[in-house]
Structure formats: structure tokens, C-alpha cells
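Starting from the known structure of chain G, arrange chain B on it as the hints suggest.
Protein chains: 2
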Amino acid sequence: MHFTSEQRFDDGVLERSFTLGEIPGILWTPPSATASASAPLILLGHPPLGLEKMYPRLVARARQAAADGFAAATIELPGSGDRPRWRALDQARADLRQAMRAGEPVGEEIVDRLVLPLVERAVPEWRAALDALLSLPDIGGPVGYSGGVISIGIRLAGVEPRIAAAVLFAGSLVPRAMFDEARQVTIPLHVLLQWDDEGNDRQAALDLFDAFGSKEKTLHANLGGHSGVPQFAGDAAAQFLVRHLK
Amino acid sequence: MHFTSEQRFDDGVLERSFTLGEIPGILWTPPSATASASAPLILLGHPPLGLEKMYPRLVARARQAAADGFAAATIELPGSGDRPRWRALDQARADLRQAMRAGEPVGEEIVDRLVLPLVERAVPEWRAALDALLSLPDIGGPVGYSGGVISIGIRLAGVEPRIAAAVLFAGSLVPRAMFDEARQVTIPLHVLLQWDDEGNDRQAALDLFDAFGSKEKTLHANLGGHSGVPQFAGDAAAQFLVRHLK
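Chains G and B are the protein sequences, given in the same order. Quick note: the first sequence, position 92, residue 92 per our numbering, numbers continuous. Quick note: the second sequence, position 179, residue 179 per our numbering, numbers continuous.
Calculated lysine to any residue pairs in the SDA-like style (CA-CA distance at most 20 angstroms, straight line):
1. B:Lys-215 <-> G:Gly-228
2. B:Lys-215 <-> G:Asp-196
3. G:Lys-215 <-> B:Ala-233
4. B:Lys-215 <-> G:Glu-198
5. B:Lys-215 <-> G:Arg-202
6. B:Lys-215 <-> G:Asn-222
7. G:Lys-215 <-> B:Gly-224
8. G:Lys-215 <-> B:Leu-223
9. B:Lys-215 <-> G:Leu-223
10. B:Lys-215 <-> G:Gly-224
11. G:Lys-215 <-> B:Pro-230
12. G:Lys-215 <-> B:Trp-195
13. G:Lys-246 <-> B:Pro-230
14. B:Lys-215 <-> G:Gln-231
15. G:Lys-215 <-> B:Asp-197
None of these hints come from the bench; they were simulated from the model.
Here chain G stands alone, though its shape is the one from the complex (with noise of 0.2 angstroms):
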């Protein structure tokens, strides 16, 4: 992990931008954060549009985070941003604003196509980046995981042992074969769903919520599109990693 800018914001919160071999990501730690008080982390999921366009919001939620002292994370996913144009995710995408621009049901062929190769490699890049952040004296556990990809989430959660709780943003179309990996999911959850989010599929997104094994878990439904998550359920969701990460 080598670290190649950094700026500290008014606040005292440090953002530092990184590569992890030939993957960008940001690291923000809050002023609290020192090698004999480390910081617990949040790993800052998002979607495949580029960390460059994601930045904005990216950046309020680090430092929502940090208020809470916490750190925050985010890489760069495979085929975004700076990173080599991936040929087969291109293609599902394009094939699915196809359908939809055609009012079709999305087939479950380009779910799968779209999310799963997605989840195959983000997540083992994901874990790698756990192990950096986790080797620097100002980053401590436990660790939690917030927002969409939800694929990439539940499969985190299932396989990482060191995430301790997750805020699972059910805003992108799940493949079949994540319901039964969400079955083996044990740790607390906190599923934000937007009630009217167009380009999401509500039902898939309760029968997700019933799936999941977690003894804790909680869905916060909110009436909105896809990125009109109201102020007051980005806080009850900061409440949900206070309580359990703290």
C-alpha cells in the first residue's frame, strides 16, 4: 500500500489517497486516530461508476464516519474509474439499459453476468485492502461494511471474518445464487431500501431481507428513488455501526 496524496479537511479528518498494487482507494481517518488509540473501520462500498464521480458522497459519508470516530476506506472496483475498461461488464451493462429502456424483465442471464464476475473479484480486492489498512498503527477493528453493492456485501460478510456488522444498501439487482450465500449470513445487518427506487426490484429486496440468517437485522425502508436516502436514515444507519462497532 503505498500512499500518493494526502490533504487534511477543516474538521482535522486526514484523507489519503492509495494504491494497492494497480488499485486506487482513499483512506480518511479522524483526528482521534492515533497508534495507541486506534481507530475502528469502515469499509465505504458504492457502485461501479468510478471513485472519481462517487467522490462527493463518498467524502460525506467519511466524514460522517470520522464525527463518529471512525475510519473510513473505499477502492476502486474492477473495470471503474482509471482502472482497465473490463469488456464483459460493459457488455452487461449495456445489455441492461437495453432492456430496461425496452420496458423488458431483466433476465435473471444479465444479473448474473452484471454482478456475479463483479463480486468474484472485488471481494478478494476488498479483503486485500482490509489487510493493508488493517497493518497501519491508526487503523484498528472492529470492522464494518456500508452501502451497495449489496452482492458484494453479503458475500464480505459471509466470508470475512473481521466485519463485524454491515449497513447493506439493496439498491442493485441481485443474482439467485446470492439468496443462498445471504442464508449463511450471521452478523448484524442494517438493509436500507428505497421504497421507489426505479431501477431496483422491491420484491427481490424484502425476500432479501427474509433470507438473510442474521439473528439481528433490520430494514429501513424510505420513500425515494434510488439516491434519495433521507438524511435521517443516513444517521440511523451511523447509530446501527456505533452500536455495534464501538
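Then chain B, alone, in the frame of chain G:
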């Protein structure tokens, strides 16, 4: 409204029992409530099991509300507790229990007989209680409703303009006719659903949430049965009321 007894708790909360005509009720006021600084009011809804049986849970909710600076009040439902028996309601309840014991689907006809007359009689009583409560010097607006019977909450939220926000507990069967009333509700809503509530119809609760006409509505679904609402879900509902009533 006649006060019949009072006691003050360690935390300074004043509990006063009252009667309003033949209807018994309880009012709790925080120590901060005075004639010059009146407290906003939360009406505490509850199932028709009698105030005496519900008292432990009601007083806990009232003291939580008082800690947030709210007064809280509740009244006995018609046919419950020490009020005159209501044969038709008892019969509907017996029919419901028999259907559930027999593992039969609960017919709409039973639900209508069980809930609609209760709504018809209870809602004017709650409104009369509201008149009396708001005439007290230490009680002011705005007013919230919190709890079940959800159909009573729906009707109150639709017809009573003094109610500014409501926490509705989706834990009882809802007559079809109430879905039309739900579409007319426009105040901010916070709906609680216990995901594994044995006597409740989960899909109907989700449909009802969908039907509400409010621009701000939030569903909090938590794992567990009817009476297993987690503490953190109660806290979140309290925060909703603070956000809208203070």
C-alpha cells in the same frame, strides 16, 4: 376530565389517572411541563387488552417520552378493561382465535367485524380526550400518535388535524377499507413491523406501508415476534417523534 389519583416517579414524571365520562385514562407529564412551558403530547395507542394489563409497557413508553420532554396519555378502549363488555367484539375475537387455532386463513369478514366497530367507537373517544388534554395548562401541541391498533392510528391520522406525526405499529390485521383511508394520510409516518409477528400478515403490512399517502414515511422492520420490538427500534421511533414534534 376528572383526575382520580396521582403519583410522582423518581425521575420527576407525574402520573395522573383520570376519567373522561365513563372512560378511564392515564396522563404522564415530564417535570419540565408547566403552564408557561407546556409539553407536546404523544397519544399512546395500545391493543384492546385493558389498561391494567398494558400498564407496564405503557408506563415505560411514557417515561421514555417524558425523558424527551413529551407528555403522554392513553385511554381505555371500548369493551376493554373495566369498561362494559362489548359482546360483538368479544365474539369477533373468539372467531378470530378459532380460525387461527384451526390454521385457517382469517377471513376479511372476521377482520372487519373485529376492527371496524372498534375504530368507529374509539376514534371519537381519542379526539374527545385530545380536547380535554389540550385544555390543560401544561399540555400543548403539536400532538403525535404512537402505537397500535394501527387502524385506529390510520383513522386518527386522517381525520384529526392536530396530529402532526405518527408512529404506527403494524401488528394487527387491517380491514381492506382501511387501505383507502391510508391513501388519504399525509402526515409523516414511522411504521414499525415485526418481521416474524405470528398473528400478523406481513405482506398486508407492506402493502399498507405502500398505500400511505405521506411524502415522508419510513418502515422499520425488525426480526422477531409481535412483542419483541428491540430497544433500538423503540429509540428510533422516539427520535422520529422528537424530529417532528419539537
